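Colleague: Okay, here's what each chain looks like letter by letter:
4 protein chains.
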Amino acid sequence: MVGVAVLGCGRIGQIHARNLARHRRARLVSVFDVRAEAAAPTAAELGVPAARSVEEVLADAEVAAVLIATPTDTHVPLITAAVKAGKAVLCEKPVDLDIKRARACWAEIAHRKPSVMIGFNRRFDPSFRALRERLQRGEIGTLELAVITSRDPAPPPPAYLKGSGGLLRDMTIHDFDMARYLAGDIAEVQAFGANLVDPDIGKLGDIDTCTVALRSAAGALVQISNSRRCAYGYDQRIEVFGAQGMLQAGNLRATSVEHWGSERTAARDPVLDFFLERYRQAYESELNAFVAAFEEGRPMTPDFGDGLAALRLAEAAEESLLTRRAVDVGG
Amino acid sequence: MVGVAVLGCGRIGQIHARNLARHRRARLVSVFDVRAEAAAPTAAELGVPAARSVEEVLADAEVAAVLIATPTDTHVPLITAAVKAGKAVLCEKPVDLDIKRARACWAEIAHRKPSVMIGFNRRFDPSFRALRERLQRGEIGTLELAVITSRDPAPPPPAYLKGSGGLLRDMTIHDFDMARYLAGDIAEVQAFGANLVDPDIGKLGDIDTCTVALRSAAGALVQISNSRRCAYGYDQRIEVFGAQGMLQAGNLRATSVEHWGSERTAARDPVLDFFLERYRQAYESELNAFVAAFEEGRPMTPDFGDGLAALRLAEAAEESLLTRRAVDVGG
Amino acid sequence: MVGVAVLGCGRIGQIHARNLARHRRARLVSVFDVRAEAAAPTAAELGVPAARSVEEVLADAEVAAVLIATPTDTHVPLITAAVKAGKAVLCEKPVDLDIKRARACWAEIAHRKPSVMIGFNRRFDPSFRALRERLQRGEIGTLELAVITSRDPAPPPPAYLKGSGGLLRDMTIHDFDMARYLAGDIAEVQAFGANLVDPDIGKLGDIDTCTVALRSAAGALVQISNSRRCAYGYDQRIEVFGAQGMLQAGNLRATSVEHWGSERTAARDPVLDFFLERYRQAYESELNAFVAAFEEGRPMTPDFGDGLAALRLAEAAEESLLTRRAVDVGG
Amino acid sequence: MVGVAVLGCGRIGQIHARNLARHRRARLVSVFDVRAEAAAPTAAELGVPAARSVEEVLADAEVAAVLIATPTDTHVPLITAAVKAGKAVLCEKPVDLDIKRARACWAEIAHRKPSVMIGFNRRFDPSFRALRERLQRGEIGTLELAVITSRDPAPPPPAYLKGSGGLLRDMTIHDFDMARYLAGDIAEVQAFGANLVDPDIGKLGDIDTCTVALRSAAGALVQISNSRRCAYGYDQRIEVFGAQGMLQAGNLRATSVEHWGSERTAARDPVLDFFLERYRQAYESELNAFVAAFEEGRPMTPDFGDGLAALRLAEAAEESLLTRRAVDVGG
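Quick note, the sequences are listed as chains E, X, Z and F, same order. Residues in the first sequence are numbered consecutively from 77, following our numbering. Residues in the second sequence are numbered consecutively from 77, following our numbering. Residues in the third sequence are numbered consecutively from 77, following our numbering. Residues in the fourth sequence are numbered consecutively from 77, following our numbering.
By construction, these hints were calculated from the structure, which means they are not laboratory data. Every clue listed holds true.
Cβ-Cβ distance ranges computed for the label pairs, FRET-style:
#1 Ala135/X to Arg188/F: 54 to 62 angstroms
#2 Asp276/X to Arg101/Z: 52 to 60 angstroms
#3 Leu280/F to Ala293/E: 18 to 26 angstroms
#4 Arg87/F to Gly162/X: 40 to 48 angstroms
#5 Ala235/E to Glu395/F: 41 to 49 angstroms
#6 Pro153/X to Thr218/Z: 37 to 45 angstroms
Take a look, some chain F residues computed to stay more than 10 angstroms from chain E by CB distance:
#7 Ala97
#8 Arg177
#9 Tyr236
#10 Glu371
Covered stretches of chain Z, as calculated for chain F (at least 3 residues, CB under 8 angstroms):
#11 297-309
#12 326-338
#13 342-348
On a predicted model such as this, the values are computed, not experimentally measured, just so you know. Idealized CB from N, CA, C, for every residue including glycine.
Input sequences plus hints: build the corresponding full structure.
Modeller: In structure tokens:
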């Protein structure tokens, strides 16, 4: 049993805390949130103490690992402190909005050979995972083309958007990681961005719609498209293509019911919406992977380097938007 | 090239006449309808004479075969006359509403070893045909269960219903033939009928909804269900099940377009509606089979015996409705 | 919080025990199995005592409700004893194989107005439940035709089959309940049975394949088909049809992955297999419904009467097999 | 009735000739091929003369329109000659491989206000056409993102490839036209190319796999992906996305049959393969549109300008491959 504390009791923190509370191989030791009133209900619901400070958490010998689900700008100091305190870390994505800061963090902790896992939850989605395993088993031959579709149901509130780092670092970051998960290292990036969903997003200097093309070091091409708004729910799809065929992983729905009527047939439910629902199983599996790697002393995946690599792709895509050039990211 | 005359210029007759007019191995010689004004437009459209009488057609040496698409009560006399005149015959289903009359017809013509094909068009539907071929190739093992769904878009007009012979002889007859096509000879029949669609149908002593269960001589079970009305179009589906799996043949639509919106996803078009559209390819293939069998001197399938057998099942199902018993049809 | 004891620690009992152990409004008090070695692992896993006898369970004031997951022939005595001890009961289906014994049980306990729920888990499947709610909301008009497909992945072991009461009481019983859930009271039953899967099942005097047709009191027709073996998994589907359209609820799969290759396209995973997987959510929802009804003092559904009614339909279907007649079950 | 001659009796020319031979409003007057032995079988099959020269065709007063299905490098001279002879023209895509030559052609004929239609057949595919009509009706709001997938079953023979103008001018040209059909004028182009399918294609200096991103003048983003080889057939799909939802148009198959077995379920046929099959209806509709526009004196669509615009996009995409920059195509 690994003792875990959860830092940050927002939506994601709560999910992780609940999953820990009923985990067979982990034990939720405590929860913490800078706003004590945010931590209290989760602590009460799950019957664990709400720590008064990060220091208290890190000083707790029962706590072998921390799960960081706090705002992005606290990730780097919390990872650093936790690693220095000898804790394993599962940190939500992204490591940081600023790749320099993220690299500096790694420079500071790397010599400790820390156990740090970054929360790219989609790698643990059963359908995406099965797709990748079948791809790697050679079911369609070597990867030649991948198409990653990711559309959020609705834009986040303006306050969130301001500190989000922009579409590419906040939302596409998942797709950059997925591209690496499927195609390996990336060599080259092209992007187009647009402000089509909400003019207020444009006023923030951000985009809400984009297409990105990547070329992998091994030669495969990857297409990503994103929108901050999707009428039919949280659209999350992957398609991979090779010499022997294609694998697709599609959206999920709450039921299998189809409606056949005079105007349309075989109509299905809207797709699961939003990430807490869509990736419910992924969050469980991610935690299982973290706990298992910890207990068995195995390397954690995706690791800090994966976090850096996704951030590097976001930065390169931004550069492509500005320069209107393809950007090399190799080496 | 086989010269063919079409008797009856209603919807089905027109389809056949047009298919003949552009057939590579057949030639449309003439068309006939007791109502001269019904024959005229088809004759003009296709550039062939409208014969003045059946006798004229049968006396025409250019006419090697007749296609009978007239009202059901004329099928028996027209088949008889055509066979006596040495013509091959493709006759729309059913042979007759009265199995005794149909048997008497056969008794009268059988010694001539006539070339008679009965128009069970669904046997020529590409999907149903492929399903049967794959069943017969053993793709799912021996047939154990078949489910045949057949629902018309809307009830026919009252005038038609009166002379239709009732749901089982008029509509289910196709499904009885399909059951035989898939499962071979039938041994036992059970049926339930209901009047749920239109009370006027009940007033005619008819039903508009039914379920039928059949047991084949080889031991397989078959379920049929019918309705005279279907909001989403002409519902025509088949499912066959065996030890190694299942094959399904579904409905067809005009396009492959799917709509994803806030209330429903993956919504497709209504299904093709009605038989002229749904079975367009089947009518062409049926004609090809007839022409090929004629030219190559091969037996025609489905033949007069198949017409009798389907009628026998309709009669048995009616008996089951009345007696509330399973009815033996073997032997 | 309702204290619950689980009687019977087989596969189903374990599922219920685990669901109770993490339930927010219920508490697992103890487990019991006549074979102490069967109860021990579940007790250990969930940290509750293994009771030494039913009497000990029923005497425990902490136990407000019992969940009966023991062999069928013990259901009646256990329900009776539990009700007499003032406990609420959730009992797995069927109540008994012998409808007389089941009725006698009810006669003995009815005056106590007991809280008894029968475990027809499929009523709690999210897809089937949504289909029924949409049917009842009038989305397709009044029900006219329902088609229920139920195929097990593989026959149970011979030892189980011997005491199973036969296909109709053991397996079709679920479909009889589903027919009532969708169509209300049933008036008339017809059935065909066959021994196609395994000759050893025939030697036991049992069937392994069947079709059943039902007519509801309200006039709708229902078709059921069953097989004891299904190559592609646990096939569980429902289709309902009315004047305004059709609703279908289909099978579930572990992932959304589709494979497109040179021989076939859009190929999906086998379907979830078997009931523990397919109805995982249904078992949770069933327990929620039981706990909620208990806590809020509301009537339990499906209740003892529903258990009797399904059994009555199984009996009628058996009679139809023997007499080859439609059997009235009204009144 | 419009009299039409077909120039070029290869696969596409034969399709058009056959469609003309049975057209209700057009008459096939003659066929021509520089290789007389190529024209002879089509002429014989359809009962029309094989002209001895283009001059003979253009001098024929019966010929009101010519259908140009010859090799690409003859398009410009044939269009020019036909227009000068006062004929309407339906010319296969592309107008030419060299946009300067194509522009010069237009400069020479424009003052005649010629009736020239370019054979972008996909605009006439019933599914793509329905998708666009629904898009334009506003079913999903204004277009924001489009995804166009186009994969050929197998690379053409080396001889064809050499003169093909390369992937972007030969194959992607269809997708460029489709992008314009859906999104209107295009402002900006980015592309990645790769040689993954066959090293021999790379030796020709060509690519066989590509991704292209376009930005429309109205602000929508479009993604195209292409491969010269596809194991499961001719993959032709379109997806359009807007504020109110998404429309998808998918692949077509010969039958509706699904196979359910122990390893996979709901497996469908390979998709229709190749363009003669997949776009059979499109070729018919294209011809109908040409004939109707001619007879009714209406402008032809897609016209010469559309041909130039698609070529301009191919050229811009090539420039993007070379310069690794986004290329402006506006104005």
